Structures are given as structure tokens and as C-alpha cells.
Amino acid sequence: MTPDKHTSAASDAAPATARPTLEVDRLNLSLKIDRHVVPIVTDISFSIAPGEAVALVGESGCGKSITASAILGLPPENATVTGKIVLNGRDIAGFSKNERRKLCGSEIGFIFQEPMTALHPTLTIGHQLTDTLRNNLGLSKKAAMDRAAELLDRVGIPRPRDILKGYVHELSGGMRQRVMIALAISCDPSLVIADEPTTALDVTIQAQVLDLLEDMRTEMNIAMLFITHDLEVVADFCERAVIMYAGDVVETGSSRAVVDQPVHPYTRGLLDAVPHKDGSTEKLTPIPGTVPQIGDWPKGCRFAPRCPRRSPQCELRPEVEPTKRGQVRCWHPLEETVQ
Amino acid sequence: MSEARPLVRVRNVCKSFGNVKAVRDVSFDVPTGKTFGIVGESGSGKSTVARLILRLVDLTEGKIEFDGTDLLSLKSGALRRQRQHMQMVFQDPFGSFNPRMTIRETLTEPLLVHDLGNEKSRNQRAAELLTEVGLPQKALDKFPHEFSGGQRQRIAVARALATDPQLIIADEPVSALDVSVQAQVLNLMRDLQVRLGTTMIFISHDLRVVQFMCDEIAVMYLGAIVEQGPRDRIYEAPAHPYTRALLSSAPGNGKQDGRRARLTGEIPSAHQVPTGCPFRSRCPLAFDRCANEVPKMYDVGGGQKALCHLLDTSEKAA
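Chains A and B, in that order, are what the protein sequence lines are. Position 1 (the first sequence) corresponds to 0 in numbering that gives the first Met the number 0; numbering is contiguous. Position 74 (the second sequence) corresponds to 73 in numbering that gives the first Met the number 0; numbering is contiguous.
Hints in this document: simulated from the structure, not taken from any laboratory. Everything numeric in this text was worked out from a predicted model, so none of it was measured. Where a beta carbon is used, it is the ideal one built from N, C-alpha and C, also for glycine. Watch out, some of these pointers could steer you wrong.
As the list claims (entries may be wrong) - Here are the computed lysine-lysine pairs in the DSS-like style, where the Cα-Cα straight-line distance is at most 30 angstroms:
| # | chain 1 | residue 1 | chain 2 | residue 2 |
| --- | --- | --- | --- | --- |
| 1 | B | Lys137 | A | Lys298 |
| 2 | A | Lys31 | A | Lys101 |
| 3 | A | Lys298 | A | Lys83 |
| 4 | B | Lys20 | B | Lys295 |
| 5 | A | Lys282 | B | Lys137 |
| 6 | B | Lys137 | B | Lys119 |
| 7 | B | Lys141 | A | Lys298 |
| 8 | A | Lys31 | A | Lys282 |
| 9 | A | Lys141 | A | Lys83 |
Unchecked claim - A few chain A positions that, by computed beta-carbon distances, are all more than 12 angstroms from chain B:
| # | residue |
| --- | --- |
| 10 | Asn27 |
| 11 | Glu106 |
| 12 | Cys186 |
| 13 | Val233 |
| 14 | Lys323 |
Said to hold, decoys possible - For each label pair, taking beta carbons as the anchor points, the in silico distance ranges come out as:
| # | chain 1 | residue 1 | chain 2 | residue 2 | range |
| --- | --- | --- | --- | --- | --- |
| 15 | A | Lys31 | B | Ala236 | 57 to 63 angstroms |
| 16 | A | Pro38 | B | Val56 | 22 to 28 angstroms |
| 17 | A | Asp271 | B | Ala236 | 25 to 31 angstroms |
| 18 | A | Gln260 | B | Asp91 | 55 to 61 angstroms |
All chains, full assembly: derive it from the sequences and hints.
Encoded structure:
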């Protein structure tokens with residue numbers, strides 16, 4: 000409408016001008032295995048504005064879930080995490096375990112792929128929801144129960160009062176994921192981390208849950224980190240995408256740009272590997288080779304051994320360079336980087 | 000209609016487990032030398048159909064013919080001989096191998112079971128099969144754990160090909176694989192199918208994968224085939240409301256008007272299948288008749304059929 004709006008939409012490489020909800024700056028995580036220090040994720044940087052959904056995309060073993068665990072403050076026991084994790088202006092990376100635990104459930108909500116493992120099997124759904132509400136918001140038992148019923152109603156669960164008295168195993172996969180979403184948003188968080196929230200669901204149910212997540216995010220102005228391996232979901236549901244390969248961020252940008260005009264050869268490869276959209280039966284173009292074992296990253300550019308554009312230069316590690324619509328870590332991007 | 004005899008004929012097949020009807024009145028033909036796709040969500044009965052064709056479970060009602068032979072008439076010895084002509088590729092590349100058998104043993108075992116060839120010819124066949132699926136010869140003396148998921152699925156395909164079967168049933172063969180690797184296995188299966196002319200039944204929940212692989216497709220919902228037809232008809236002119244919903248629910252189809260056409264409600268449990276049309280509890284177009292009467296398969300032309308009262312053109316429909 001106004002020229003002002005127009006310019007902000009065009010420069011979607013940079014997050015909105017408002018203070019981002021989450022800023023991750025040069026996050027590194029390594030694991031200590033048999034006295035060896037194995038680097039798992041290296042120099043991860045991205046930010047999420049209020050109400051924005053950012054996708055963290057990659058195949059299994061690329062380090063996306065462990066990155067989320069570091070942001071949640073729940074990395075594995077043998078992990079060393081360095082770098083800044085700034086939540087609403089405060090660097091929470093240096094917080095004690097107790098302080099971090101207080102953030103989980105109140106300022107940060109989370110949704111896992113498999114609700115059966117995230118929810119307690121022998122506590123009623125009401126018990127689990129009211130526990131969180133009473134601990135974080137100091138509500139009375141009765142007030143917490145009322146609020147829990149409201150929450151279930153809000154995420155589209157029929158007969159919320161009955162469901163509160165029931166157990167997780169009595170629900171279908173889609174309904175369980177709705178309960179997880181209710182729990183995640185119960186204390187009005189500013190950030191929700193969703194790790195493959197719809198991967199285990201059937202297509203028609205996946206569509207419902209994705210719509211629900213989008214509604215919640217826009218209504219409550221929640222910043223969302225959406226972890227997925229599915230670029231199709233990314234294009235439909237996230238504003239920006241961060242593509243990871245072997246513990247590196249290889250490309251970032253608006254999700255439309257990343258899907259329509261990828262700059263990194265890995266992103267291009269991922270898009271070409273899925274069956275053709277137009278139903279053509281031409282041979283698919285797989286990425287040769289396999290994803291390296293986690294932590295066993297190649298030297299220099301980590302994608303080079305599988306890359307069609309590699310050159311001797313790729314034995315050196317590329318730096319992150321800005322592009323027209325985002326950033327890329329590549330010596331031979333598919334589009335010139337901006338100097 | 001092609002004049003060639005179908006390799007597999009499934010007629011009015013039902014399968015109940017206790018009082019759960021997993022498969023209800025399913026009929027289809029698998030044309031010889033083609034890939035027949037079965038697509039559906041969880042609980043649709045697609046894997047049960049595969050198991051019925053292999054006679055891993057016995058049907059409750061109906062008839063299945065393989066290459067003109069009524070499978071139900073076979074006694075155990077004859078059935079075992081028949082099975083060398085029908086092989087299977089499973090979803091889980093980690094659970095479908097004996098971890099203590101080398102790849103050579105894995106590939107020669109089907110030949111040994113069916114008493115085909117001698118030791119020398121069997122080993123030769125194993126080497127041939129590895130080349131066929133694009134793995135190096137040195138793989139023969141390795142164990143399954145030394146391979147990645149994609150490589151294991153290649154080995155599973157090689158094992159299925161060992162007895163030179165007429166039919167391969169692949170149940171979600173690429174669902175456990177990462178996209179970059181999935182493409183390698185899909186290309187391989189298509190190439191082999193076309194080159195060897197093996198008939199294939201390909202089962203998946205992934206519409207894009209089925210579209211890439213299959214010539215003829217059946218869409219299943221709650222144990223019934225709701226629509227069936229040639230690939231392009233199903234994707235370009237779906238006739239059943241469920242097929243349409245399934246296609247528009249798949250991510251990446253863009254959100255027309257900002258929102259995709261979505262189905263409300265849950266897939267009912269197999270214990271509580273709705274009366275009349277199984278899809279009516281979620282169908283945006285359901286009307287009175289759908290609750291009272293099980294719809295018939297209506298021909299919509301071009302070899303496409305759908306199970307929906309809306310396609311009834313007789314005077315009763317008005």
C-alpha cells in the first residue's frame with residue numbers, strides 16, 4: 000500500500016527492524032566422545048522477529064535438532080556450547096540450568112515430532128497442562144483447569160473437559176499434536192520451537208496442524224523456529240529459511256527465494272531430488288554420495304565431496320557472503336554474491 | 000483396455016482381523032509389466048492388500064489370482080514355489096536384513112530357499128545383482144550395518160530380484176530415506192522395472208512418489224478403494240472428493256486464496272467405520288444418501304472409476 004511497506008517487503012534478507020525475539024550468533028556445539036572433541040554444529044547465526052516463522056532445514060544428521068536443543072538449554076550431557084543466544088534482548092547462553100529451565104515452558108514453548116514421547120503416558124492431560132500453568136503463572140487449581148479447557152478448545156479439540164480427564168494414548172496422532180501445541184502456547188511464550196511437528200502425521204492431518212500452527216503464531220505474535228526436512232512445507236508456512244548441511248548453515252534467505260531461486264548447490268540439489276511437480280517421469284537428479292556421519296565432517300567446504308561445482312578452492316572453508324536476497328556459504332554459488 | 004492378461008486379479012476381497020474390517024470389497028487388476036500404485040493414509044489397508052497378495056495373511060472373502068492361478072487353492076508346497084515369482088521390498092532398511100549374514104549370503108538365500116542353481120551359479124548371480132543395483136563387488140563380503148540406508152534399500156531391491164520374479168511388491172520403500180538419497184533409489188527401481196519388465200505393486204503415502212513411479216493408481220481410504228485409474232487421470236482429474244482433498248492437502252501445492260482446501264475431522268478408527276460411504280464423516284459434499292447406502296464404483300471414463308454417489312447418473316440420483 001504505502002511505499003514504506005513496499006521497501007520492507009523487498010528487503011526480506013534482513014529481519015524486520017523491530018528487535019528480534021531470538022538472535023543466535025555464532026553458535027558452536029561440540030561433543031566430547033572418548034576424550035575427543037567432535038565439532039557438531041559450527042557458527043550458526045540467524046534471528047527470528049516477533050510473529051515470524053523461520054525454518055531450519057536439512058536432512059537427518061545435519062545438526063538441526065541439536066541446534067534446537069542448545070537454544071532450549073537442553074543439549075546432551077557431553078556437549079560444549081559457545082556463542083550467543085539472545086532472547087528478547089538477554090543473552091541466555093550463560094544462564095544457569097535453573098534459570099534456563101524457568102524459560103522453558105514460559106518464554107519458550109516447544110513441540111516435538113512424537114508427542115507420545117514428549118507427553119507423560121500415565122498422567123492425565125489435565126494434570127500435565129495445569130502443572131505447567133500453575134508453575135509458570137501461579138494459577139489456582141480451579142483457574143488452571145479452566146484455562147486448560149480454554150486452551151484445548153482453542154487448538155480445536157472437541158469436548159475439552161472430557162479430554163482433560165483422559166490420557167495421551169487415547170488420542171489420535173493429530174489430536175496428540177494439538178495437545179502438544181496447547182502445552183507449548185499455554186504460558187504465552189514469545190518463542191516456539193517446533194521440531195518436525197507434522198512429519199509423523201498423515202497428509203490430511205498434517206495440513207490441519209500446519210494451519211493451526213500458523214493461526215497460533217499470527218494471533219499471538221509468536222516467533223517460531225520450525226525444524227523440518229521438507230522444503231515444500233517451508234515454502235508454504237515460513238517467511239525465511241536457514242538451510243543446514245553437515246553442521247553448517249549453507250544458505251539463508253526468504254523461503255520463497257530459497258525455494259524458487261536457490262543459491263547454494265546443496266539447496267538446488269535438494270529441490271531437484273524430489274519427484275517432479277509437473278508429474279514428469281524424467282529421471283530424477285539425486286545428490287551423489289551420502290550425508291556424512293554426524294561429526295565426521297569433510298575439511299574445507301563440507302558439501303564439496305558431493306558437489307557438482309567443486310574446484311580445488313573448495314578445500315578451503317568458504318565464509319558466509321551476502322547475496323541479493325540472503326546469505327550463502329559457498330565458493331561457487333549459483334548467483335554472484337554481493338560485495 | 001489392454002488385451003494382455005493382468006498378472007494379478009483381485010476380486011471382491013475382504014479381510015477382517017477379529018471384528019475390524021481392514022480391507023473391504025477391494026477389486027483391481029495389476030497389468031503385466033506395469034507399476035500399480037496403492038496410495039493412502041495410515042489405516043487405509045494398503046499394506047494389508049500387499050500381504051494378502053503374497054498370502055502372508057489369508058483373505059476372509061473374495062479371490063486373488065496370480066498369473067491365472069487361484070492363490071487360495073495352493074497347498075503349502077505349491078505356495079512356496081509360487082512365492083519365488085513374487086518378492087517384496089520393505090520400508091525399513093535397518094530391520095529387513097539379518098545382521099549376521101553377509102551381503103553374499105543375503106542375496107543367495109532366496110535362491111537357496113527355492114533350490115535354484117548350484118553354489119557357483121548362485122554366487123555369480125549375487126555378483127550380477129550387485130552390479131545391477133549399482134554397488135561395488137567388494138560389498139559382497141560386508142555386513143548390512145556397514146551400509147547407509149540408501150545402500151541397504153539397493154541391496155533389498157537386489158534381493159527381491161534374485162529369483163527373477165514376475166512381481167515385486169514394494170511397501171513404502173523410500174519413506175525412511177532422506178530426499179537426496181530417495182531419488183537414487185527411485186531412479187533405480189524405475190530403471191529396473193522398465194528394463195526387466197517386472198510387474199510392480201508400489202505402496203506409498205507420498206503422492207509425488209507414486210505419481211513418479213506408477214502407471215495405474217488406486218487410492219484407498221479406510222479399507223476400501225475409493226478411486227482408481229491411470230496416473231494422469233488421477234492427478235489431473237480426480238473424481239472422488241477424498242482424492243481431491245488428498246492432492247490439495249499435500250504441501251507445496253501453494254495456498255490458493257491463502258488457504259488450502261482442507262479436510263475437517265479425523266480419520267475414523269477401523270472399529271467405527273461410518274455406515275454407507277466410509278468417507279462421509281469428512282466429506283465436504285456428503286448428503287443423506289451417503290449415510291444410508293454404500294456407494295458403488297462408477298465408471299467415469301478413460302479407465303477411471305470412483306466410489307461416490309455423486310457420480311451416479313441414473314434417475315435414482317436426483
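Consistency of the hints with the structure:
1. Of the pairs offered as hints, the one joining Lys137/B and Lys298/A holds, with about 27 angstroms between alpha carbons and a cut-off of 30 angstroms not exceeded.
2. With a CA separation close to 27 angstroms, the supplied pair Lys31/A and Lys101/A stays within the 30 angstroms bound.
3. Distance check on the hinted pair: Lys298/A and Lys83/A sit about 25 angstroms apart at the alpha-carbon level, within 30 angstroms; holds.
4. Among the hinted pairs, Lys20/B with Lys295/B is consistent with the structure: their alpha-carbon atoms are about 18 angstroms apart, no more than 30 angstroms.
5. A distance of roughly 27 angstroms separates the Cα atoms of Lys282/A and Lys137/B; the hinted pair therefore holds under the 30 angstroms criterion.
6. Restraint check for Lys137/B and Lys119/B: satisfied, since their Cα atoms lie roughly 17 angstroms apart, inside the 30 angstroms limit.
7. Of the pairs offered as hints, the one joining Lys141/B and Lys298/A holds, with about 28 angstroms between alpha carbons and a cut-off of 30 angstroms not exceeded.
8. Of the supplied pair hints, the one linking Lys31/A and Lys282/A is violated, its CA atoms being roughly 43 angstroms apart against a limit of 30 angstroms.
9. The straight-line distance between the Cα atoms of Lys141/A and Lys83/A is roughly 40 angstroms, outside the 30 angstroms bound, and the hint therefore fails.
10. Remark: the non-interface label on Asn27/A is consistent with the geometry, its nearest Cβ contact in chain B lying 24 angstroms away (cut-off 12 angstroms).
11. Residue-level check passed: Glu106/A sits 29 angstroms from the nearest beta carbon of chain B, beyond 12 angstroms.
12. Every CB of chain B lies more than 12 angstroms from the CB of Cys186/A, the least distance being 27 angstroms, so the non-interface label holds.
13. The Cβ of Val233/A does not lie farther than 12 angstroms from every Cβ of chain B; its closest approach is about 9 angstroms, which violates its non-interface assignment.
14. Listed as a non-interface residue, Lys323/A keeps its Cβ farther than 12 angstroms from every Cβ of chain B; the least gap is roughly 23 angstroms.
15. Lys31/A and Ala236/B have their C-beta atoms about 59 angstroms apart, which keeps the hinted 57 to 63 angstroms range intact.
16. Distance hint check: the CB atoms of Pro38/A and Val56/B are about 50 angstroms apart, inconsistent with the given range 22 to 28 angstroms.
17. For Asp271/A and Ala236/B, the hinted distance range of 25 to 31 angstroms is satisfied, since their beta carbons lie about 28 angstroms from each other.
18. The beta-carbon spacing between Gln260/A and Asp91/B, approximately 37 angstroms, falls outside the hinted interval of 55 to 61 angstroms.
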